[in-house]
Amino acid sequence: MPAVQETVARVREIDVDKYKYGFTTDIESVRAPKGLNEETVRFISAKKGEPDWLLDWRLEAYRRWITMQEPTWANVVHPKIDFQDLYYYSAPKSTEGPKSLADVDPELLETYAKLGIPLAEQKLLAGVKESRVAVDAVFDSVSVVTTFKEELAKAGVIFCSVSEAVKTHPELVRKYLGSVVPITDNFYATLNSAVFSDGSFVYVPPGVRCPMELSTYFRINAENTGQFERTLIIADKGAYVSYLEGCTAPMRDENQLHAAVVELVALDDAEIKYSTVQNWYPGDKHGKGGIYNFVTKRGDCRGARAKISWTQVETGSAITWKYPSCILRGDGSRGEFYSIAISNGYQQVDSGTKMIHLGKDTSSRIISKGIAAGHSNNTYRGLVSAHRRASNARNFTNCDSLLIGDKCGAHTVPYIEAKNASATFEHEATTSKISDDQLFYCLSRGLSAEEAVALIVNGFVRDVLQHLPMEFMAETQKLIGISLEGSVG
Amino acid sequence: MLEIKNLHVNVDGREILKGLDLTLPAGEVHAIMGPNGSGKSTLAYVLAGKQDYEVTAGSVTWKGEDLLAMAPSERAAAGVFLAFQYPMEIPGVATMTFLRTAVNAVRKARGEPELSTPDFLRLVREKAKLLKIDPEMLKRPLNVGFSGGEKKRNEILQMALLEPALCVLDETDSGLDIDAVRIVAEGVNALRSPDRAMLVITHYQRLLDYIVPDRVHVLSDGRVARSGGAELALELEESGYAEFGEATRGEAKSGAAA
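Protein sequences appear in the order of chains A and B. Here my numbering is used: position 1 in the first sequence is 1, and no number is missing along the way. Counting the second sequence from 1 gives a position; my numbering is that position plus 1000.
Since the hints were derived computationally from the structure, they do not count as laboratory data. Model, not experiment: these values are computed from the prediction. Glycine is no exception: its CB is placed at the ideal position from the N, C-alpha and C atoms. One or more of the hints may lead you astray.
Said to hold, decoys possible - Coverage of chain B stretches by chain A, computed from C-beta distances (three or more under 8 Å per stretch; other residues unrestricted): (1) 1075-1085; (2) 1097-1105.
Said to hold, decoys possible - If you only want the chain B side, here are some residues facing chain A, beta carbon under 10 Å, derived: (3) Thr1056; (4) Met1088; (5) Glu1186.
Claimed, not checked - Residues from chain B shown here face chain A by an in silico Cβ test under 10 Å; the list is partial: (6) Gly1049; (7) Lys1050; (8) Gln1051; (9) Asp1052; (10) Val1055; (11) Leu1068; (12) Ala1069; (13) Ala1071; (14) Glu1089; (15) Ile1090; (16) Ala1094; (17) Lys1108; (18) Ala1109; (19) Gly1145; (20) Leu1162; (21) Ala1165.
For reference, chain B alone in the conformation it holds in the complex (with noise of 0.2 Å):
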């Protein structure tokens, strides 16, 4: 489904990635773990299509077609969804408002009609209580004055709601407190298909003790380090990062290695 071979990427011309590759098939779950510095949000970035990320040599294959090529809105439209680690705060848009133009503007790039008012506040309503959100937060400005949780809630209900074929989670669980990283988790756990492959993004194992993966990736220095099984998170748990270079040293010779 998804296919990244020999990534690199730039950013501010420094080199994070450094030949990345990774294949993640459609229904799986693989988490990608790894110290600070070691290109997990460049990644995450890179596959949403942001600007300033610049590609200088690899692909990236989503089902069949070149990710790279794509604007940002057309990958959503095709299905690929970052729930960001920091969300976005914009005042005096409505979140209600924020996440219906959204689906719409998704539903129209796909060729379905737009949701009537009625479906899509049903539609709304029931997503957000699976999340435990509480409709007064939506009629708040989107992601102003939200706490950590709030707005990564919102994140999975926006993923829940755009129905993406692929999820990218970008430290989802960072600043949650237990309860909190539960809810989401169970949110992402209730997405997941066997038509949907997710990408979960993290720092720690904490997360992946509730969103179970099926392949865990360490990243170091911009590369796939080690690939294993839901165990291998356990195990870094135990060792730490150290083997993989907590810091980023010696990323600014290898630029030239690419």
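Chain A on its own, in the form it takes in the complex (with noise of 0.2 Å):
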């Protein structure tokens, strides 16, 4: 097996294989000082060697972001979060450019070899030429490292982390970066833009499909560290690349803040496939420890005919609140959104899109299934709307609940907004439960509860499935399992 897929695979196979990463790495962490002020922003821009426009960008989002309150309309019960008692950066001390392997701090490799990623370069030059996916491994906040750039350089397509991009290739960041989401946008989005850690970069010029499938995968390691990812990717005209994006995190007994930001640019006749398998600690039995997400991530079709897709699979966090959503701006522009989110435990999900329709002819699609097992809460929460000028605007949503046991919630918060009465929009929603009938069904077929339990909740999800990349399919069959895990019986 070429290196990078082994390495893909067993990534895979640890996601999958329950949280039984539960180990932290002692490495010598640069943190800045706990707690945010304007000298932390300024800490973070000189740390990672930022010009001045960009500090300036983080100080005004800082400035804003100081005036602005926690939002408090989604479904989701938590202490309140001292923004004060946080670390705002924290990076592995040896990455202050590991020009090759001999440069990397042994422990941080290590901790790759636990989660099974083989770093060797000559291993991953071994397998460039088979290999279909490549990972940018973000070890905390800063990426360590980022395999198959020069193959992707020889099609044109930059792939990098976001701090390399602002060194690199200034004028598309300058031009892209908070031009989705703005620095004023929400309390969390604005957050990020003043102390955004790393994340990745992806730009497809014009006319180019994107050879492989673009993948990294997240790890929240130092204790106490907001992760605080910024991701941006832009398919120019005619573009098309398709981005997957897991996730890991260690065990923990204190929750910790994951407050991302994720832009999509589509421009004209362009097309991006977003994919997401997300399974972070989702606390105890208890409800104890477990990660609070509060993310961002909205694309733009701001191109004729351009084209996003965010599919998503919601397994973990202990509190996920998330919209990704399409502006469609472009005449003609489409905007697709598939998610499973699935609870259990003491796990709160408030989740969902927007699609929001600006141009004429645009059309979206909606569908989302949530499951909801334990004591979890489970709502989607979406909005679709038409402006004056979006004429032949077309929406359809379906949204499905499922529930299994009697002590967890569904909810559907839909909200539509037609301005123009030429708008088709068509909502669909079902909730039921697994009944006693069908898992017995399953027993007296010598299923296990958990595996009937499994069998049927992937049936339930099989429309949306259907829309991940290959790679991610069997492996989410499998995180579906093992998520309702003691939800029966």
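Dock the two chains into a complex; use the hints.
What follows is the structure in structure tokens.
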């Protein structure tokens, strides 16, 4: 097996292999002092050697942020977050310019070994030809290594960390950063703009079809460190790119804040497919610990006939607050949102999408499958709107909820606004339970209760599963079973 | 092989089986007949281990072991199979996927290796052909939109694949036209073997024209009221269930007697 495929396969095994990596790594972190003020922002920017325009951008966001309040409209309950009690920057020490493997901190390599990522450069090179997936491994907040850049470069595709892009392609970053999610957008996005650590940057030039699926595995590590990823993907005219995002995090007793921002820009006739499998630590069986995930993801179909498709499988985190959205600005553009959100234990999910129809003849499709088990709460929240000049806007929405047990909740909160009379919006919603008879039927065929639930739930989410890239499908099916362990019997 | 002694079962606090005795030796096919409400389906569900069927007295021994102490999936692994009167629909799960999951779950429990995909497909095709099942049907979600005949043939297909030692068929003929009954019966007959016992539950004698039983038991008011050879079924066809109390009168008070 080529090295990189092996990497990906092994990371996946870990992803779906329950939550057994409660290990943390003792790499000496370079941390900003606890708390957030202008100095913290300057520290981060200086640490990353950023140009003045970016520091100013961050500071503007910070000044805005201190005037803002946390949103309270979501259907989630959590203790108030003390934003002054967090570290806002933490980088593995050895990453200040590792040019080769020898420069990388051995402990870091060990962490990757635990994760099953062989970092050895020669292996990566050996895998280049056959491998189809490039992994931009994110350790804590800084991208340590980016693979396959060279092959991508041949196609003209830029795939690197945002910090690197700031240095190598400042004109692109400056043009697009914050152009989809402005620094004034919302409490968490503004916070992210002020203190974002790193993330992926992708630019696909006009007419280029990205030759491989791009993939990032995120991993949250250093204790008490908020993770503020910033991802920016641009598909120029007629370009196509598919991006996979998958996550793991070590077990921890304290809640960890994660406030990422993802911006997608699709120009004329471009297409971006963004898939996520999110499996962060959901907290223990009493609901203690777990990641707080407050994410702003938005795609802008900026050009005519542009297409953006979000597919997400959300199984982890104590709290998920996430609404990957599409702005359908270009005439004839199209947005899609396919979602599987599974909550078990004491997890709280408030997720959905926004489809903002601005251009003519725009269309969107939303398929959401929420599965609630245990004591969890699962809310779909969605907005579909057609603005005045969005003639012939079309939307189809289907929200299905499945309840397992009688202590969980499923909620659907759709907002629909049509300011143009020619809009056609359809909305379907169902709520169902796994019936005892269905379970018994499976049990009588020799399936265990958990196998039976996994099978029934996989059937329930099938419409969405098939929109995932092949690489993710099998792992997701397993993940669904694992996420629902202990939900019956 | 299967030994049921003085079985009493409550459903929703109402006693349905009231001291049922039955012995089913290996290699034999026994028919359970009786009027509606006599406890036929209750017996089927109790054998498969459905919850909410409360055994208040008696025992069921299967190959020398206490069947009632086993979980439903353990019973499946131990070779007990129930062909449902009303097979459940599971949307989004292809029939083939379900079959494969079931076969491998049972094989795993029995300590056998999982079947490889080609071996499994070959096996399914072979068994499906015997039951005149269109391979296209196996691609559809389990039982969703299946006709009555398709559902019942699918049950027998599962039975053929899981190779149980005890087959319980709960009104497998209900809702089928005569051609479908014949196909299902042929499938069942193909599975008759010296080390397999079958309990064929039916309201009508019709099915027993095709699956000729070694013994016939008539259930009435939660007990075996009469047993005999295959000819008993023919007799019932003539006389009906009148002498066995077509309705289920007097059930409430007999609960106290148990």
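Do the hints match the structure? See the list:
| no. | hint | in the structure |
| --- | --- | --- |
| 1 | 1075-1085 | holds (count 6) |
| 2 | 1097-1105 | holds (count 5) |
| 3 | Thr1056 | 20 Å, violated |
| 4 | Met1088 | 4 Å, holds |
| 5 | Glu1186 | 22 Å, violated |
| 6 | Gly1049 | 7 Å, holds |
| 7 | Lys1050 | 5 Å, holds |
| 8 | Gln1051 | 7 Å, holds |
| 9 | Asp1052 | 8 Å, holds |
| 10 | Val1055 | 16 Å, violated |
| 11 | Leu1068 | 15 Å, violated |
| 12 | Ala1069 | 15 Å, violated |
| 13 | Ala1071 | 7 Å, holds |
| 14 | Glu1089 | 8 Å, holds |
| 15 | Ile1090 | 6 Å, holds |
| 16 | Ala1094 | 8 Å, holds |
| 17 | Lys1108 | 8 Å, holds |
| 18 | Ala1109 | 6 Å, holds |
| 19 | Gly1145 | 14 Å, violated |
| 20 | Leu1162 | 7 Å, holds |
| 21 | Ala1165 | 13 Å, violated |
Violated hints, listed in ascending order, are 3, 5, 10, 11, 12, 19 and 21; each of the other numbered hints is respected by the structure.
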